[in-house]
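Listed below, chain by chain, are the residues.
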Amino acid sequence: MIEKRCHSVTLDRPSCKGCTTCIRYCPTQAIRVQQGKAKIIDERCIDCGECIRRCQYHAKKAITDGFEMLENFKYKIALPAPAFCGQFSKADDFDIMLTGLKMLGFDHVFEVARGAEVVTAKMKELIHTGLIEAPVISSACPAVVRLIAVKYPDLMSHVAPLTSPMEAAAEMARREAKEKTGLKDEEIGVFFITPCPAKVTAIKWPLALEKSNINGAISIKDAYMRLAHSIDKIEKVEHLSVAGRSGVRWANHGGEAEALGIERYIAVDGIANVMEVLEKLEDDMIKGIDFIETLACTGGCVGGSLAVENNFVANSRIRRISERLADNAAPVPKLDGMYWNRKIEYKPFSPLDEDFSEALKKAARMNEIYAGLPQLDCGSCGAPTCKDLAEDIVRGKANETDCIFKLRERVSILAREMAELESKLPPSME
Amino acid sequence: MSEPLMVLHYDVDGTDFTVAGEASGAVKKVLKQLGVSAEVIRKVAIAMYECEINMVIHAHGGFIDVEIRPESIRMIHKDVGPGIPDVEKAMQAGFSTASQQVRELGFGAGMGLPNMKKYTDEMKITTEVGKGTIVDMTVYIK
Ligand SMILES: Nc1ncnc2c1ncn2[C@@H]1O[C@H](COP(=O)(O)OP(=O)(O)OP(=O)(O)O)[C@@H](O)[C@H]1O
Ligand code: SF4
Ligand code: SF4
Ligand SMILES: [Mg+2]
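Residue numbers (my numbering), protein chains in the order written: chain A, 1 to 430; chain Y, 431 to 572.
It is possible that part of the hints are untrue.
[As the list claims (entries may be wrong)] Reference listing, derived: stretches of chain A covered by chain Y, where coverage requires no fewer than 3 residues with Cβ under 8 Å from a Cβ of chain Y: (1) 188-196; (2) 234-245; (3) 351-357.
[Said to hold, decoys possible] Straight-line C-alpha distance at most 35 Å; calculated DSBU-like pairs for lysine-lysine: (4) Y/Lys462 <-> A/Lys204; (5) A/Lys204 <-> A/Lys280; (6) A/Lys387 <-> Y/Lys459; (7) Y/Lys572 <-> A/Lys347; (8) Y/Lys572 <-> A/Lys122; (9) A/Lys343 <-> A/Lys387; (10) Y/Lys519 <-> Y/Lys572; (11) A/Lys361 <-> Y/Lys519; (12) A/Lys37 <-> Y/Lys462; (13) A/Lys387 <-> Y/Lys462; (14) A/Lys287 <-> Y/Lys547; (15) A/Lys280 <-> Y/Lys508; (16) A/Lys184 <-> A/Lys74; (17) Y/Lys572 <-> A/Lys387; (18) Y/Lys547 <-> A/Lys347; (19) A/Lys287 <-> Y/Lys459; (20) A/Lys211 <-> A/Lys233; (21) A/Lys347 <-> A/Lys61; (22) Y/Lys459 <-> A/Lys37.
Hint data in this document are derived by calculation from the structure and do not stem from the laboratory. Yeah, the Cβ is synthetic: ideal placement off N, Cα and C, and Gly gets one too.
Turn these sequences into a full structure, and let the hints steer you where they fit.
Given below as structure tokens:
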């Protein structure tokens with residue numbers, strides 16, 4: 001049976017050297033190296049893009065859409081993520097970058113930062129009403145939402161069931177376009193310019209929505225490649241930058257939380273840090289906090305694995321240019337799709353066994369196996385740590401001799417036995 | 431009681447604040463692998479964490495044995511600290527003998543023992559002044 005993959009992150013097999021670098025960095029231990037190639041375990045992957053960043057052979061890729069997809073629509077809208085405008089060193093004005101983007105084949109450009117402003121307004125309401133258990137966890141980073149759904153079931157009730165800035169922006173941009181052009185929904189193509197594979201997954205296989213309002217996802221990288229050559233040749237700069245400072249700064253870590261204008265918040269970025277905070281929250285050790293911003297990438301979305309510029313540099317640029325913008329751009333419109341319309345269920349990684357007693361026995365066996373392994377976490381066996389190898393063994397997916405040290409042990413025992421056998425050759429053969 | 435199918439043992443270093451919580455964290459991981467329900471994991475993690483912290487703050491560390499059976503999770507915390515002179519009083523919400531220094535670290539609200547009681551199905555404290563304390567807690571799985 002071929003199971004349908006539902007992840008943006010994939011392996012480019014020919015490029016993979018089986019070096020085992022990526023397995024160490026995957027926060028959910030979703031990668032194994034088998035027969036010299038990396039393999040992503042689908043149920044564990046959260047599309048964080050960590051492996052894309054780490055692979056020096058560029059064997060981990062995100063599936064995104066190409067510009068040719070624009071041809072399927074009469075009217076095309078680009079929705080640049082707030083991080084987009086931090087990518088260019090030459091331009092000192094958002095309008096220049098947005099005009100450049102439009103020239104790549106779009107009829108209009110609508111900033112996702114506008115959508116962020118709408119989400120901020122809704123989030124303020126949500127925190128204020130106390131309908132969601134405090135602290136409210138942001139749902140803006142889809143990698144984190146997936147992480148919580150598989151690893152922190154108890155925290156699901158803290159996650160704000162709000163739509164994302166890109167979906168809010170898509171609804172606004174579509175509505176505007178329909179009024180202006182009189183075209184039908186299916187004639188309008190909405191394309192998210194993404195820093196992030198998790199957002200691609202959220203568009204193609206949404207977790208919390210029945211269907212996305214967005215038709216395609218083009219990576220910032222791809223847009224950048226086309227734009228890099230033409231950006232300083234723009235003749236007439238259009239006024240396209242309509243978002244306010246608070247929306248634009250969602251690109252940087254802390255931006256979403258700051259926009260709320262509240263004091264008691266935590267803003268955490270980088271997947272390992274996020275996990276640390278979630279653990280603490282799970283143990284009831286975080287008190288007196290109203291809101292937690294959780295971004296999988298270091299530095300926030302400017303650090304997305306499909307962005308081009310160094311995240312610290314992009315951060316600084318966005319901060320500086322956005323200083324000139326008004327705090328909030330325009331009054332917040334009423335949208336239809338402000339909330340999730342699908343319930344996210346706790347979907348833990350498969351337990352060691354469906355039957356609890358069996359699972360317990362396997363866990364005990366796993367501890368025994370682990371105790372016998374060298375505990376060096378060298379990764380040569382293709383599993384990220386000795387613990388993971390022990391788990392794979394009890395799950396029947398690996399063998400003890402996958403460990404090179406165990407293999408050596410076995411070989412030397414065999415060699416000794418052979419030597420002994422040899423000395424016991426029957427007299428007739430001597 | 432049946433033989434436990436799995437026993438986990440942890441030493442708790444009484445001199446290092448930053449390692450408190452490592453044992454409860456490790457147990458949480460194991461329980462998730464076993465497919466134990468979120469609610470049970472939460473109860474065990476909170477009770478164990480509070481108890482572990484108490485061992486470090488009030489009793490110079492000790493060790494923890496966690497026994498897992500198909501029907502329950504039992505956590506036995508043993509220390510050779512100063513003991514608790516009046517258990518009933520210690521169990522009251524808000525009672526604490528924590529020093530000013532410890533309070534500044536955010537502990538000492540006197541809510542640890544009451545929370546352990548709240549989150550577990552069985553709890554027994556055996557203690558002797560000058561000798562030490564055993565806190566024995568069980569959370570039922572079903
Ligand atoms: N293992 C122990 N050894 C000696 N005394 C203890 C031990 N555990 C608890 N106590 C005593 O019981 C008191 C109440 O404990 P409890 O955990 O409820 O509150 P706390 O530790 O003082 O504060 P909190 O747990 O809210 O940070 C403690 O202040 C201490 O005097
Ligand atoms: S995208 Fe993230 S979760 Fe998925 S395999 Fe790569 S590192 Fe692991
Ligand atoms: S932090 Fe931003 S770019 Fe990174 S995974 Fe989350 S949403 Fe995507
Ligand atoms: Mg305490």
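Exercise. Take a quick look at whether A/Lys387 and Y/Lys462 sit within 35 Å of each other, Cα to Cα.
Key: holds (14 Å)
Quiz item: Mind checking, does the region 188-196 of chain A have 3 or more residues with a CB under 8 Å from chain Y?
Solution: Answer violated; 0 residues pass the 8 Å Cβ test.
Quiz item: Given the hinted pair A/Lys211 and A/Lys233, is their alpha-carbon gap at most 35 Å?
Solution: Not OK: A/Lys211 and A/Lys233 at ~39 Å, beyond 35 Å, violated.
Quiz item: Under the criterion that the straight-line Cα-Cα distance not exceed 35 Å, is the pair A/Lys184, A/Lys74 satisfied?
Solution: It holds: about 10 Å lies between the C-alpha atoms, which stays within 35 Å.
Self-check item: Assertion that chain Y covers the region 234-245 of chain A - criterion: three or more residues, beta-carbon distance below 8 Å
Solution: violated (count 0)
Quiz item: Between A/Lys204 and A/Lys280, does the CA-CA distance stay at or below 35 Å?
Solution: Satisfied, since the Cα-Cα distance of roughly 32 Å is no more than 35 Å.
Quiz prompt | Agreement of A/Lys280 and Y/Lys508 with the hint, judged by alpha carbon distance not exceeding 35 Å | solution = At roughly 24 Å apart (the allowed maximum being 35 Å), Y/Lys508 and A/Lys280 satisfy the hint.
Quiz prompt | Holds or violated: Y/Lys547 to A/Lys347, with C-alpha atoms at most 35 Å apart | solution = The hint holds at about 30 Å.
Quiz item: Are A/Lys387 and Y/Lys459 close enough, with their CA atoms no more than 35 Å apart?
Solution: OK: A/Lys387 and Y/Lys459 at ~12 Å, within 35 Å.
Self-check item: 35 Å limit on alpha-carbon distance, applied to hinted pair Y/Lys462 and A/Lys204
Solution: holds (29 Å)
Quiz prompt | Holds or violated: A/Lys287 to Y/Lys459, with C-alpha atoms at most 35 Å apart | solution = holds (23 Å)
Quiz item: Taking 35 Å as the top limit, are the C-alpha atoms of A/Lys287 and Y/Lys547 close enough?
Solution: Holds - the C-alpha atoms of Y/Lys547 and A/Lys287 are around 20 Å apart, at most 35 Å.
Comparing the model with each numbered hint stated earlier shows that hints 1, 2, 8, 11 and 20 do not hold.
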